[in-house]
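Based on the provided sequences and hints, a complete structural model is requested.
Number of protein chains: 2
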Amino acid sequence: MKVYLAGPEVFLPNARAILDEKIELTRLAGFVPVCPGDLEAPASLRGKARGLATSEVNERLMLSSDFIIANLTPFRGIAADVGTVYELGFMCGRGCPAYGFTNVAVGHFERVRDYYGGELAEDAHKAVRGPDSLELETYDMVDNLMLDGGIENRGGVIVRHAAAPDALYTDLTGFKECLAIAARRLLG
Amino acid sequence: MKVYLAGPEVFLPNARAILDEKIELTRLAGFVPVCPGDLEAPASLRGKARGLATSEVNERLMLSSDFIIANLTPFRGIAADVGTVYELGFMCGRGCPAYGFTNVAVGHFERVRDYYGGELAEDAHKAVRGPDSLELETYDMVDNLMLDGGIENRGGVIVRHAAAPDALYTDLTGFKECLAIAARRLLG
Numbered sequence: 006m007k008v009y010l011a012g013p014e015v016f017l018p019n020a021r022a023i024l025d026e027k028i029e030l031t032r033l034a035g036f037v038p039v040c041p042g043d044l045e046a047p048a049s050l051r052g053k054a055r056g057l058a059t060s061e062v063n064e065r066l067m068l069s070s071d072f073i074i075a076n077l078t079p080f081r082g083i084a085a086d087v088g089t090v091y092e093l094g095f096m097c098g099r100g101c102p103a104y105g106f107t108n109v110a111v112g113h114f115e116r117v118r119d120y121y122g123g124e125l126a127e128d129a130h131k132a133v134r135g136p137d138s139l140e141l142e143t144y145d146m147v148d149n150l151m152l153d154g155g156i157e158n159r160g161g162v163i164v165r166h167a168a169a170p171d172a173l174y175t176d177l178t179g180f181k182e183c184l185a186i187a188a189r190r191l192l193g
Numbered sequence: 006m007k008v009y010l011a012g013p014e015v016f017l018p019n020a021r022a023i024l025d026e027k028i029e030l031t032r033l034a035g036f037v038p039v040c041p042g043d044l045e046a047p048a049s050l051r052g053k054a055r056g057l058a059t060s061e062v063n064e065r066l067m068l069s070s071d072f073i074i075a076n077l078t079p080f081r082g083i084a085a086d087v088g089t090v091y092e093l094g095f096m097c098g099r100g101c102p103a104y105g106f107t108n109v110a111v112g113h114f115e116r117v118r119d120y121y122g123g124e125l126a127e128d129a130h131k132a133v134r135g136p137d138s139l140e141l142e143t144y145d146m147v148d149n150l151m152l153d154g155g156i157e158n159r160g161g162v163i164v165r166h167a168a169a170p171d172a173l174y175t176d177l178t179g180f181k182e183c184l185a186i187a188a189r190r191l192l193g
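As given, the protein sequences belong to chains A and B, one line each in that order.
Just so you know, the numbering used here puts 99 at position 94 of the first sequence, and the rest follows in order with no gaps.
Just so you know, the numbering used here puts 53 at position 48 of the second sequence, and the rest follows in order with no gaps.
These are calculated hints, taken from the structure and not from any lab test.
Incorrect hints may appear among the rest.
DSS-like mimics (lysine-lysine), calculated; alpha carbons at most 27 Å apart, straight line [what the hints assert, rightly or not]:
{"id": "1", "chain 1": "A", "residue 1": "Lys53", "chain 2": "B", "residue 2": "Lys53"}
{"id": "2", "chain 1": "B", "residue 1": "Lys53", "chain 2": "A", "residue 2": "Lys181"}
{"id": "3", "chain 1": "B", "residue 1": "Lys53", "chain 2": "A", "residue 2": "Lys131"}
{"id": "4", "chain 1": "B", "residue 1": "Lys131", "chain 2": "A", "residue 2": "Lys53"}
{"id": "5", "chain 1": "B", "residue 1": "Lys7", "chain 2": "B", "residue 2": "Lys181"}
{"id": "6", "chain 1": "A", "residue 1": "Lys7", "chain 2": "A", "residue 2": "Lys181"}
Derived CB-CB ranges, DEER-like [stated by the list, open to error]:
{"id": "7", "chain 1": "B", "residue 1": "Asp43", "chain 2": "A", "residue 2": "Ser138", "range": "18 to 28 Å"}
{"id": "8", "chain 1": "A", "residue 1": "Lys131", "chain 2": "B", "residue 2": "Val37", "range": "25 to 35 Å"}
{"id": "9", "chain 1": "A", "residue 1": "Thr178", "chain 2": "B", "residue 2": "Asp128", "range": "39 to 49 Å"}
{"id": "10", "chain 1": "A", "residue 1": "Ala188", "chain 2": "B", "residue 2": "Glu26", "range": "44 to 54 Å"}
{"id": "11", "chain 1": "B", "residue 1": "Ala132", "chain 2": "A", "residue 2": "Gly122", "range": "29 to 39 Å"}
{"id": "12", "chain 1": "B", "residue 1": "Ala169", "chain 2": "A", "residue 2": "Ala169", "range": "41 to 51 Å"}
{"id": "13", "chain 1": "B", "residue 1": "Pro47", "chain 2": "A", "residue 2": "Leu33", "range": "41 to 51 Å"}
{"id": "14", "chain 1": "A", "residue 1": "Glu182", "chain 2": "B", "residue 2": "Ala48", "range": "47 to 57 Å"}
{"id": "15", "chain 1": "B", "residue 1": "Pro47", "chain 2": "A", "residue 2": "Ile28", "range": "39 to 49 Å"}
Computed footprint of chain A on chain B, listed as stretches where at least three residues anywhere in the stretch have a Cβ under 8 Å from a Cβ of chain A [as the list claims (entries may be wrong)]:
{"id": "16", "segment": "22 to 28"}
{"id": "17", "segment": "88 to 95"}
{"id": "18", "segment": "117 to 128"}
{"id": "19", "segment": "148 to 161"}
{"id": "20", "segment": "178 to 187"}
Built from N, CA and C at the ideal position, the CB exists for glycine as well.
Below, the structure is given as structure tokens:
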């Protein structure tokens, strides 16, 4: 079974080393790893054409994969990396199993509450809203309900692990646990 | 043809009014509108079970739709709402056409640059990185390349429109333009 390894670690200076580590762990767990970057857009392409070609290559890699493990650690803000989330949705739309992990143990509601500095209020319908009047999801979830739901409703799990701040995108504890759970459920 | 209307306007206090306006515009353009919330999770469900059931309902609505128009306006930070992005990926993974709009005209690169207060540096391989060493995509795109690529590589477009700050999630100029473009390409 082939697993697509999605996550914002592609933006790290040592992306290659981390991806190689994930690839090695994936093989050890009994799966065939597929990574963004396994195929590259033609070197001659520049600018937006290169971005579009990279998207096409990554989609082709996803189409060759049987399930996904997504790194949902908050990225440049309080939510998961949107590139990774697109890929999670893409694989779920194809009907594939999905697993996720996050290196921030604090849940979605708490992160949004802190984003608003705790200034929350209940409206007449008991919806909880920030000072900008936007509603908060009050469920015990890792991120927006479409992400948690997409994974859990397909029988997957999202592993939460509080990584050290300097290992936010390199700590693979949650990833390893995803591999172990996926191996029990999908192999054998 | 049925179109799934994705976007963070579901979090507005006047969500129902905005969704009704989108529904009306969609019918006028010749499409059948499908909205998150058209079906609701059973009222008896509470907490996380309710969140998971809502995800399931929304996925069922997407499976009944032929294409998507996604509101990619940045939400609680510099990137699109991750719930909407999951839905965009989901529909693209099913092979459906996709259109998007944003009410912030400033592009992805510029938003990330501003997030870093302009403190960018080129590494030895000419990759542009923030002070946290994470790489920036330097393409002229609305958001992460998977979003722009997913839409444009399927023949869709992302309409950019600079809405007034107090109409960030209610201005439907870009949405109307998406409907007009989709009608020309998909109908008739």
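Status of the hints after comparison with the structure:
1. A:Lys53 - B:Lys53: Violated, at about 40 Å.
2. B:Lys53 - A:Lys181: Satisfied, since the Cα-Cα distance of roughly 25 Å is no more than 27 Å.
3. B:Lys53 - A:Lys131: Holds: Lys53 of chain B and Lys131 of chain A sit about 16 Å apart, inside 27 Å.
4. B:Lys131 - A:Lys53: holds (16 Å)
5. B:Lys7 - B:Lys181: holds (16 Å)
6. A:Lys7 - A:Lys181: Within the cut-off at roughly 16 Å; holds.
7. B:Asp43 - A:Ser138: 18 to 28 Å: holds (23 Å)
8. A:Lys131 - B:Val37: 25 to 35 Å: holds (32 Å)
9. A:Thr178 - B:Asp128: 39 to 49 Å: violated (28 Å)
10. A:Ala188 - B:Glu26: 44 to 54 Å: 49 Å Cβ-Cβ, so the 44 to 54 Å window holds.
11. B:Ala132 - A:Gly122: 29 to 39 Å: Since the Cβ atoms of Ala132 of chain B and Gly122 of chain A sit about 34 Å apart, the hinted range of 29 to 39 Å holds.
12. B:Ala169 - A:Ala169: 41 to 51 Å: holds (43 Å)
13. B:Pro47 - A:Leu33: 41 to 51 Å: About 43 Å separates the Cβ atoms of Pro47 of chain B and Leu33 of chain A, which means 41 to 51 Å holds.
14. A:Glu182 - B:Ala48: 47 to 57 Å: Between Glu182 of chain A and Ala48 of chain B, where Cβ atoms are some 35 Å apart, the hint is violated.
15. B:Pro47 - A:Ile28: 39 to 49 Å: For Ile28 of chain A against Pro47 of chain B, whose Cβ atoms are near 43 Å apart, the range 39 to 49 Å holds.
16. 22 to 28: violated (count 0)
17. 88 to 95: Since 7 is at least three, the answer is holds.
18. 117 to 128: Holds: 3 residues of the segment 117 to 128 of chain B have a Cβ under 8 Å from chain A.
19. 148 to 161: Three-residue rule met by the segment 148 to 161 of chain B, so holds; n is 10.
20. 178 to 187: With 0 residues in contact (Cβ-Cβ under 8 Å with chain A), the coverage given for the segment 178 to 187 of chain B is violated.
Violated hints for the displayed structure, listed by number in ascending order: 1, 9, 14, 16, 20.
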